[in-house]
Amino acid sequence: MPTSVPTSWYLILSAILFGLGVAGFIFRRNIITVFMSIELMLNAVNLTFVTFSYTLKQVDGHIFSFFVMVVAAAEAAVGLAIILTVFKNRGTLMIDDVSSMKY
Amino acid sequence: MTALIFFLFAGIAVFCGISLVAQTHPIASALSLIGVMGSLAILYLQLGGEFIAAAQMIVYAGAIMVLFVFVIMLLNAGAEGTSLRVSAFAKYLGMFLLVAFLGLISFIIQAMLPRTEGVVFGAFKGGTTADVGMKLFTVYLLPFEVTSVLILIAILGAIVLARKEI
Chain A
0 MPTSVPTSWY LILSAILFGL GVAGFIFRRN IITVFMSIEL MLNAVNLTFV TFSYTLKQVD
60 GHIFSFFVMV VAAAEAAVGL AIILTVFKNR GTLMIDDVSS MKY
Chain B
0 MTALIFFLFA GIAVFCGISL VAQTHPIASA LSLIGVMGSL AILYLQLGGE FIAAAQMIVY
60 AGAIMVLFVF VIMLLNAGAE GTSLRVSAFA KYLGMFLLVA FLGLISFIIQ AMLPRTEGVV
120 FGAFKGGTTA DVGMKLFTVY LLPFEVTSVL ILIAILGAIV LARKEI
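One line per chain: the protein sequences are A and B, in this order.
Take 0 as the starting number for the first sequence in numbering that gives the first Met the number 0 and just add one per residue.
Take 0 as the starting number for the second sequence in numbering that gives the first Met the number 0 and just add one per residue.
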């Protein structure tokens, strides 16, 4: 086992997590799980920002990552409110059943 | 030691990520996502991002995931049914192709990036709260203020959407 890992391995981990997020986004049919897959993708991108921040010895990547977190918080608040409204009107959470925009 | 911590927490992150996609119950997926976020916070700390690691735990694993778990419990969401209209062959072929795709991406990243020395804990000390704050309130002041407007709009949107008569 090597004593230290190169920064590219962090980027590979980020790519793997992003790929898993895309797979979950495409294949899951519960709206909440799809939403959580989006959060997983955002986390993977944050890891890339922090890794490049380490490589370039600049703090800017941390600030972008912080902005991504803030936008994710806003998105989660509005998105979960939309999910609540959809559940109140349609009574289901499966995206196959809510594929039409309007009755 | 650095490599050991990286492999341990990268393994936990990938395992929890697979668990997020594979579990059928939303609560299990939410707990897996918390596992991913916690292990990523450790990796941020290793890369010198003290502030961002703390923000990851407080904002993501704390606030956002509590919101998710609240909504899952409020809607009483059960496990997904097994009405997936694909054959078992397509499922396994898809898994194999996903692994092959991720391996290809890993190879390209490994081949494209220049050779760098390994990550050493403490080599980058510019990620403390003081450094982030200095940059955030000088160079990135305008985006920061715009973000506060975005948060205000999100609050208003959430309140309007959660009213009774929609």
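Among the hints, a few may not be true.
Stated by the list, open to error - Pairs of lysine-lysine, DSBU-like flavour, derived with a Cα cap of 35 Å:
hint	chain 1	residue 1	chain 2	residue 2
1	B	Lys134	A	Lys87
2	A	Lys56	B	Lys163
3	B	Lys90	A	Lys56
4	A	Lys87	B	Lys90
5	B	Lys134	B	Lys124
To be verified - Covered stretches of chain B, going by a simulated chain A footprint (3 or more residues, C-beta under 8 Å):
hint	region
6	6-20
7	24-37
8	40-49
9	57-67
10	99-111
11	125-132
12	141-151
Unchecked claim - Pairwise CB distance ranges (calculated):
hint	chain 1	residue 1	chain 2	residue 2	range
13	A	Leu55	B	Ser86	18 to 26 Å
14	A	Leu55	B	Asn75	43 to 51 Å
15	A	Met93	B	Phe136	14 to 22 Å
16	B	Leu73	A	Val70	37 to 45 Å
17	B	Leu140	A	Met93	18 to 26 Å
18	B	Leu92	A	Leu55	15 to 23 Å
19	B	Val138	A	Thr2	17 to 25 Å
20	B	Gly132	A	Arg28	21 to 29 Å
21	A	Met93	B	Phe143	37 to 45 Å
22	A	Asp95	B	Arg114	28 to 36 Å
23	B	Met133	A	Ser99	45 to 53 Å
24	B	Phe143	A	Thr2	33 to 41 Å
25	A	Val70	B	Leu92	34 to 42 Å
26	B	Ile104	A	Ser99	32 to 40 Å
If you're looking for bench data, these hints aren't it; they were derived computationally from the structure.
A quick note: this is a predicted structure, and the numbers were derived from the prediction, not measured.
Beta carbons are placed, not taken as given, at the ideal position from N, Cα and C, and that holds for glycine.
Hints violated by the structure (numbers, ascending): 1, 2, 3, 13, 15, 16, 17, 18, 19, 20, 22
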